[in-house]
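Peer 1: Protein sequence lines correspond, in order, to chains V and A. Under the UniProt record's numbering, think of the first position of the first sequence as 1, with each following residue one higher. Under the UniProt record's numbering, think of the first position of the second sequence as 1, with each following residue one higher.
Any given hint could turn out to be false.
[Claimed, not checked] Listed next, with one range per pair, are the computed distances between beta-carbon atoms:
#1 V:G398 x A:G367: 25 to 33 Å
#2 A:V376 x V:G398: 46 to 54 Å
#3 V:M403 x A:D111: 53 to 61 Å
#4 V:T237 x A:G392: 53 to 61 Å
In case anyone wonders, no lab produced these hints; they're calculated from the structure. We put the beta carbon where it would ideally sit given N, CA and C, even for glycine.
Protein chains: 2
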Amino acid sequence: MMSGTEPSSPSSARTSKGLMTRRSSKPSLFSDGLVFAGGAGVALLVFWVVSSFFSRVTVVDPSAFPFSVSSSAAFPDLHDRDPPGATFYDDPSVSYTIDRSLTHWDAKRRDWIRLHPAFGGYGRERVLMVTGSQPGPCRNPVGDHLLLRFFKNKVDYCRRHGIELFYNNALLHPVMNTFWAKLPMVRAAMLAHPEADWVWWVDSDAAFTDMDFELPLDRYRDHNLVVHGWPHLVYETRSWVSLNAGVFLIRNCQWSLDFMAVWAAMGPMSPDYYRWGQLQKAEFKDKVFNESDDQSALVYLLLKHKDRWGDKIFLESDYYFEGYWLEIVGRLENMTAKYAAVERQVQGLRRRHAEVANGAYGRLRDGHLSGEDGAVSGPNGWRRPFVTHFTGCQPCSGDHNKMYSGESCWEGMQRALHFADDQVLRDYGFRHADLLSGDVQPLPFDYPSTA
Amino acid sequence: MMSGTEPSSPSSARTSKGLMTRRSSKPSLFSDGLVFAGGAGVALLVFWVVSSFFSRVTVVDPSAFPFSVSSSAAFPDLHDRDPPGATFYDDPSVSYTIDRSLTHWDAKRRDWIRLHPAFGGYGRERVLMVTGSQPGPCRNPVGDHLLLRFFKNKVDYCRRHGIELFYNNALLHPVMNTFWAKLPMVRAAMLAHPEADWVWWVDSDAAFTDMDFELPLDRYRDHNLVVHGWPHLVYETRSWVSLNAGVFLIRNCQWSLDFMAVWAAMGPMSPDYYRWGQLQKAEFKDKVFNESDDQSALVYLLLKHKDRWGDKIFLESDYYFEGYWLEIVGRLENMTAKYAAVERQVQGLRRRHAEVANGAYGRLRDGHLSGEDGAVSGPNGWRRPFVTHFTGCQPCSGDHNKMYSGESCWEGMQRALHFADDQVLRDYGFRHADLLSGDVQPLPFDYPSTA
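Chain V on its own, in the form it takes in the complex:
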């Protein structure tokens, strides 16, 4: 701090109201102190805004300290205490259930976040993954074993990416079962997690096979629902498999509540359920079963009510937002070999690191892959598929589509799950002996540069 400013001489000035203001001869240390405090205040404010913009959720548990700290502008909501101000939770008309309509959800969420500023996000969007399975044991003797492993796979992905995960095995609406059960779950999850910007439904038979890839959320900033699909198959071919409803990303907002209400109204809870089945069967020449299903319902809504819903639904096909297992599982060994070849050229990629440091290594790898021929998504490239979905395999019931054998489904799942697990286990020092084997071996130092 500079010293040496001379004390200011007293002066006075006349204001428009005739009041005399007198500049007293305060010591310069006091004025320096005020300037210092002003700098401190502005810096804290700027730092708080900037770091909130950059940071993920910082949840502080006040049990970490024995005294209570009151909130102030510079310390955003250090407690996870619930402030007394009323939120939508205190409104009896607000319901978690899919059959009850809910309005002004965007404002309700915003008000909740205002009272819980630690969850404000400021540019970084929060994603809640939701998945689940039936309440009781699977009919397929190895069904629950497979569900357990697919669940572990999701837990691994979410841990690596700071995504919260909710696995539900309760039927939240007595007649909305099988594939319809996801809609009541997503509705309840949106209300339970107002801090979540997106809910990401992932079927129990879908696995993450690129553990580094992250959703390009900014790509979807003008949309509210993302599914893997192809517009020409929807609007021209009119196929019930023109998109896949087993993996979707849906924004936590009023549009989504309204959409899900319309979507669910084509399901078993609706008095028109049978009629919808007939309408879908008539519309989609390739649909083979009679009952209304959630996927056909979604395509139907796009076809018949494009103006109402279509502009907010993103049909993603640039990467495996959801990948068909049959075109993937045979290519996994080749991918491993190609990735290893890249890593042999770049010491930085072979460097061991903490699991929490994965983001940096994933981006480094991504940068090196970008220069490689063929390192693209899709059936003609060797880029790791983001999600591999075992559609038609029905691991829980065992009633797989007749075009696959139970053996090919089982083998495909082993490959995909071990392929993913290798990416995870690497940070724990191990890998599978081969993609069909449950056995693992310690990784040599500087893997994969040695043998």
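Based on the hints, put chain A in the right spot on chain V.
Peer 2: Using the frame of chain V, we list chain A on its own:
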């Protein structure tokens, strides 16, 4: 910012070296600017230290912004990039495997944290939960179904408490199987997670039945290993069930690595494995099987080498750090009724809230319970048990201890898992019809005050 300080008059001073320093007549805005900047710098430094003390992990993903931000004193490690400075990971002699010794681990961890200050913690300890099961399907037809549900239970607990969870189903050492498999897993996890202060091993057949309770970590500040146990049963009765090794908390430090090496050396990987089995059988009159097991080994180490290890091992019995299911599952309905009675008296406890706000409600409930007669842990109280462990039920193999029937194990697990799920589902608007039922019902507003 105060204005009005007069420009300082030029002055000069002679330094001891005879150099003239001239105070130039800079404008006072410049000197104010320096004072302002000084205030800003000090404020940022203080805020950084204080908020690091209070905050959990703040992991920032630089893909959130299009430009790269360099680290500075005021912005602690905004990237999860791995700095180029060498860490223990770059040392080929450092191994993830249990058979390789590792020294100076405390210093190695400290150095890693110094290079990754976002994970410094500063008072708030990080816990990594580790659990797992065998690579292949369970022999018991409903075994994997039960493992799936116990796994969901752990995921629910960890999500509510900001604890990371690693589920492993690979055998990391070819002969360290069954209950010995946990030691190689914990060793690998410690190295993969240097940011974790504690590793919390929880058996696959243990469930969290109090979703609010948090480990009183400060209670264990002078210890490195916590198990549920009773000193008199260890040192006087000399029973192999004087403690339970299915749930333990172990500090991520050199002591623990050394201890686990000695512990694991009584397992199948040791040439002395059979001898240890004989020694344990001779020592513990109530041990019925011949093979060396990890729990007897732990009691053995306490008995024979108390001076070497005992002072750092905490035998916890003040709460159900690990609870014996048989003395718990019959009391769960009564607990539910007692907790509901307390909640009927306190509107604040019935208030619906986001799942992320649970901490505050748990503490509020805890405060009200403290005044209630009988709201204590243990077989004579109705406090929710923290952990309910189905020792002897063997859900995966189905080879349950003959003193229990398969039915009582199954029923007990349904009760405990539904009891826990009710605490979770409450924030999603539902509860189970009863503790034996997979069916759920929507909660009425202001539950449990209405019927």
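Peer 1: Now look at each hint and say whether the structure bears it out.
Peer 2: Structure-based check of all given hints:
{"no.": "1", "hint": "V:G398 x A:G367: 25 to 33 Å", "in the structure": "violated, 50 Å"}
{"no.": "2", "hint": "A:V376 x V:G398: 46 to 54 Å", "in the structure": "holds, 48 Å"}
{"no.": "3", "hint": "V:M403 x A:D111: 53 to 61 Å", "in the structure": "holds, 56 Å"}
{"no.": "4", "hint": "V:T237 x A:G392: 53 to 61 Å", "in the structure": "holds, 58 Å"}
Hint 1 alone, counting from the list given before, is not met by this structure.
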